[in-house]
Amino acid sequence: MRKRSAERLDQLIEDKASEQGRLAPLVEVAKTLSQQSLVPPQPAADVEQGRRAFLAEAAELRQKRAGRRSYRSRLIASRREQAGWPAEQRVRGPQLAWAWRVAIVLVLLLGTASGTVVAAQHAGPTSLLYTVKLRSEEVRLALTADPRERADLVVALCERRVDEVAAITGAGQAVPEAVLVRLRELLEKALDEARLLPEAEMQQELEQFSATWQAHVQALEVGRAQSHDQARLSLDRAIALLMQADEYASLGLVDPGAFRQAGSAGLPWPAVGTPTPVPTTRSMPTATRTPEPTQTERPASPRAADTPRPSVPITRTPVPGSPTPPPQPTGRSGQTPGPERTAPYTQMPGPDQTPGPGQTPGSGQPPGSDQTPGPGQTPGSGQSPHPTTVPGPPNTPEPTHGRKP
Amino acid sequence: MDERALLPLLQALDEKALEVAYNTFQPLLYRYVYHLLGNLEATEDVVGETFHRLLRALDAGHGPRQYLQAWLYRVAHNLAIDYFRQRSPESFYTLEEDRLISPEEPEEEVQRRWTQEQLHHALQRLTPDQQIVVVLKFLEGLGNEQVAEVLGKPVGAVKSLQHRALARMRRMLEASDLPLWEENR
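Order-wise, the sequence lines are chains C and Z. Its first residue numbered 1, the first sequence is counted upward by one per residue in the working numbering. Its first residue numbered 406, the second sequence is counted upward by one per residue in the working numbering.
If you are wondering where the hints come from, they were derived from the structure by calculation, not from laboratory data. The beta-carbon is built from N, C-alpha and C at its ideal position, and this holds for glycine as well. Any given hint could turn out to be false.
[What the hints assert, rightly or not] If the Cβ cut is set under 10 Å, some of the chain C residues that face chain Z in the computed set are: (1) V39; (2) Q42; (3) K64; (4) G67; (5) A97; (6) Y130; (7) V132; (8) K133; (9) L134; (10) D229; (11) R232.
[To be verified] No more than 16 Å apart at the CA atoms, straight line, and that leaves these computed lysine to aspartate or glutamate pairs for EDC-like: (12) Z:K564 x Z:D534; (13) C:K189 x C:D152; (14) Z:K421 x C:E201; (15) C:K133 x C:E159; (16) C:K189 x C:E149; (17) Z:K421 x Z:E408; (18) C:K64 x Z:D464; (19) Z:K564 x Z:E579; (20) C:K64 x Z:E420; (21) C:K189 x C:D229; (22) C:K64 x Z:E550; (23) C:K189 x C:E159; (24) Z:K421 x C:E60; (25) C:K189 x C:E137; (26) Z:K558 x Z:E522.
Turn these sequences into a full structure, and let the hints guide you.
This is the structure we're talking about:
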């Protein structure tokens with residue numbers, strides 16, 4: 001062999017006579033290398049020991065392989081051999097087996113994942129699968145490209161949350177805060193999606209939102225009447241959220257420009273972590289005021305100081321850039337809103353806030369409003385910064401403001 | 406036995422085929438690795454590990470598909486390089502204990518061994534690919550095609566490596582006081 005390689009080099013040099021001078025020293029190196037026996041012989045005992053170790057390891061592997069081989073694979077192998085397949089194809093057996101294993105694992109994983117997602121769709125907030133349910137909703141939202149479809153989907157998801165709230169409170173339990181937070185996020189998102197639509201479509205969507213959310217509120221209020229304690233507090237929070245969302249939708253219908261500018265990020269929402277009781281009967285947000293004791297001639301009864309007010313009225317924070325609510329005509333407090341929408345951000349009286357006998361609304365109204373003073377009243381008398389809206393008798397004494405006559 | 410006929414039997418871990426493969430290629434690998442490392446103990450370790458890797462690869466359904474010899478040389482070479490990197494260079498290319506020069510040795514034998522040592526040192530200073538080419542081609546007698554299989558490179562690249570390796574060795578041997586080289590010059 002070595003001689004042959006050296007001969008090859010010699011032949012090369014002969015073929016290229018012009019390069020002979022340059023290559024000759026290299027040939028000498030090659031010859032030197034091939035003539036040198038550099039390797040000492042390996043001890044025979046070492047060789048034999050290495051061979052035995054190698055064959056022993058091979059035998060061990062054969063045993064393990066036989067143990068690993070399942071009945072099925074053995075059957076397949078024997079059939080292959082019976083079929084007389086060439087050896088090379090049999091050698092590919094392990095590769096195919098791996099491919100099958102990977103495929104089976106993938107199918108199992110996909111099947112399990114799909115089954116989990118389907119099962120999670122009916123999971124309640126207390127279920128371990130609830131997180132999966134929320135994630136699947138997010139995926140659905142992310143996969144919905146059309147803004148209008150997305151808005152509708154968000155509203156449908158809001159409905160899911162409302163159903164969950166109803167189910168939990170129906171069982172007399174408090175709703176986990178996460179559900180209410182998610183409800184608020186969805187309401188915000190619905191309004192955001194509406195903002196992205198053209199004017200006409202936005203109006204349509206907001207109308208639909210408003211109607212849907214009012215229906216939700218009504219449904220929850222029915223449950224609230226029959227609920228107690230923790231469940232009622234949870235319902236109050238959910239109702240407050242829905243009413244606030246409805247109010248923002250109303251703003252979009254009244255003043256689309258301000259609605260678009262406002263954005264949901266900076267808009268205040270009722271807290272979901274702190275109980276916020278709401279009036280038992282829902283009424284649409286109107287530009288009304290909280291009733292105040294009337295300033296009539298009647299002696300101030302002890303009840304005058306206990307003017308019925310909402311136990312904890314929903315705080316309406318004006319949206320930045322929103323229009324100022326127009327002054328309302330006298331005596332509209334507690335009225336059901338008409339077809340035309342009134343601007344939001346007003347305090348909303350409850351049923352027990354309806355002005356009772358001897359009470360008139362007017363609290364909070366700024367002095368100098370365009371309300372007409374009643375007969376016998378002196379406008380701007382200084383006695384009452386809030387003009388009375390209920391006409392008194394001609395000889396009405398000065399308002400007592402709680403003083404006893 | 407032809408390599409291609411041997412491979413399917415090796416995949417099945419056939420005992421006879423494995424024994425044939427070991428008996429055929431172990432001496433080749435031993436010489437090859439010894440050329441690279443110049444250390445008997447290290448060479449035995451690397452050769453043993455090479456055959457161990459062959460078994461593991463065969464068991465996992467991998468291993469050589471066409472050329473068993475090229476596969477073995479490649480694995481042995483990589484292991485030798487790793488082995489060399491893990492240890493200090495001083496531990497290699499030292500005269501074995503039983504090969505120490507004794508005063509009774511004839512001058513020719515001393516001269517021969519001195520030449521061997523110089524060649525070892527020159528070989529050691531080549532790049533790994535150049536070492537493979539020189540060892541396999543001039544010390545083991547493989548052809549360009551076989552060397553190309555071991556390296557996984559075209560034959561042209563092998564020829565180029567061979568040319569550069571020999572030129573470099575020539576320069577190194579010229580710089581040494583190798584008598585054999587002086588005679589040939």
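Taking the numbered hints from earlier one at a time, note which ones the structure violates and give those numbers from smallest to largest. Hints 4, 6, 7, 8, 9, 10, 11, 14, 19, 21, 22, 26 are the ones this structure does not satisfy, whereas the remaining hints hold.
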